[in-house]
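Asker: Residue strings, one per chain:
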Amino acid sequence: MATQHSRSAARLMMAPAVILLLGWMLVPLTMTLYFSFKRYLPLRGGDQGWVGFENYIRFVTSSSFWPAVQATLVIVGGVLVITVILGVLLALLLDQPMWGQGIVRILVIAPFFVMPTVSALVWKNMFLDPVNGLFAHLWEVFGATPIEWLSQASLPSIILIVSWQWLPFATLILLTAIQSLDGEQLEAAEMDGAPPLSRFGFIILPHLARAITIVVLIQTIFLLAIFAEIFVTTQGSFGTRTLTYLIYQRVLESQNVGLGSAGGIYAVILANIIALFLMRIVGKNLDA
Amino acid sequence: MARTVTTRRKAINTALAWAIGLTIFFPILWTILTSFKTEATAIADPPVFLFFDWTLENYAVVQERSDYMRFLWNSVIIAGGSTLLGILIAVPAAWSMAFVPSRGTKDILLWMLSTKMLPAVGVLYPIYLIFIQLGLLDTRIGLVIVLMLINLPIIVWMLYTYFREIPGEILEAARMDGASLREEILYVLTPMAVPGIASTILLNFILAWNEAFWTLNLTAAGAAPLTAFIASYSSPEGLFYAKLSAASTMAIAPILILGWFSQKQLVRGLTFGAVK
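These protein sequence lines are chains F and H, in that order.
Per the numbering used here, residue 1 is the first one in the first sequence, and the count goes up by one each step.
Per the numbering used here, residue 1 is the first one in the second sequence, and the count goes up by one each step.
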């Protein structure tokens, strides 16, 4: 269909986007790589020469590394489990006939549109605050001592806030997937006397497998990078310092650019491993 | 699905779904309600839900003390500018990939997607340094460029999936009738592509509006958008529930409304066409 002429025109039209993204990827990444092999402290002596892999070793052997890995895994894992399980249940419910379905959908999706700094601050002050928060009032109603959520239960608090933000995303995608399910197949199973649970287990869940995988992969990439939620709540204290936050602190707060850059390279490698799986799925879909 | 359902079953579904929906929405509702309270009512014990003296005072105070409109304007410029710039760059790219695909198209698309996966924190210092060198730190134009770049893969992908749904035969017919490439784009393709482009603009405006890594780290007083303005309330001296709520309500209201129109595009845009 395409002539030689339109081919070269097409290349020209693609060029700006490709060149910009190439620059956006290569220039900063090369700089990070460069800094990661240097002892570089902008406020304390500047560039102090090459140090080989010292930063890479120091980043993983520092006392804050493993707690950060742990915090990251707990937050990402916790949010994934909560959003996927509740997302499937909620999507199943929203797929049922009911009155006011459109409005309920809007109510459920709304948190996704709230900017991260707003949701973090609203939760922090108006719900989790140990004196004036609604949870504190609720605890008092039952005669319990209010919990200092962000210090005593810091990780669950962050998981709660982030899950609230991402549940709509999981629900919406899973709902879209459920709606593409062949209704006749379900009806046939129903007529053959398959109980609801086995209809769910043998027809709906396998159909949702791909959508769930996509939700998990995309959310993982975004969840590994959560920043504002921690920045405005705990600032990384009380065990909520994730890898992203640790790198941020190394680079901007303690201005140890070499060390932070080595951490950054680890983060890039980690994200790429996950992205590889995601791209395999998306790529398959392109061929179809 | 044409299944017959008893009224009782439908009523149970409705009650359950509404209860869950309202619970999920409650933090937003509570924020909106609190924004109309006085500071004293906002921290009343026990909490007051609906029966209080509604006041608009907080909205006036937020504007007066912090010049809220300036932050709002920054958000509009940054989100709008990055989206429009992204569209200008992405439309030709997506068009050529959708209608003149070559063997490399798929690889280019996937590679673009991979740049979206780049963790921001990994390139924070280089970008910071480049911004200082170019005098872009705390400028709107700097953020327009960065947010355009981080959303460009999504824009290209969304447009690509929309353009691919336009039947190629129409373009061939136009070509047979002697339409030039320019005419083809202007008179045949554009009218059919407008809805897709509009949806893409909508979703990316929302994403840029809510972006809170680069906006927090690359701005100070001058170019700070609403994300950074709200974050300034996290320091204790800014801690006034009613005012925080008023500022929050103003920051999220426009996007909540736009968001309602973009539910479908959200799925397409954020799953890169893998779920439709």
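Worth flagging that the hints you see were computed from the coordinates, not collected in a lab.
By construction, the Cβ of each residue, glycine as well, lies at the ideal position given by its N, Cα and C atoms.
Keep in mind that the hints are not guaranteed to be accurate.
From chain H, some residues computed to sit far from chain F (all C-beta separations above 10 Å) [what the hints assert, rightly or not]: (1) Ile28; (2) Gly80; (3) Leu84; (4) Pro92; (5) Phe99; (6) Asp138; (7) Thr139; (8) Val194; (9) Ala212.
Covered by chain H, according to a simulated footprint, are these stretches of chain F (three or more residues, beta-carbon under 8 Å) [unchecked claim]: (10) 56-70; (11) 84-96.
Pairs of lysine-lysine, DSS-like flavour, derived with a Cα cap of 30 Å [unchecked claim]: (12) H/Lys264 with F/Lys284; (13) H/Lys106 with H/Lys10; (14) F/Lys284 with H/Lys10.
Asker: Compare the structure with each hint and give your call.
Answerer: Checked hints:
no.	hint	result
1	Ile28	violated, 6 Å
2	Gly80	holds, 16 Å
3	Leu84	holds, 14 Å
4	Pro92	violated, 4 Å
5	Phe99	violated, 8 Å
6	Asp138	holds, 14 Å
7	Thr139	holds, 18 Å
8	Val194	holds, 19 Å
9	Ala212	violated, 4 Å
10	56-70	violated (count 0)
11	84-96	holds (count 4)
12	H/Lys264 with F/Lys284	holds, 22 Å
13	H/Lys106 with H/Lys10	violated, 45 Å
14	F/Lys284 with H/Lys10	violated, 39 Å
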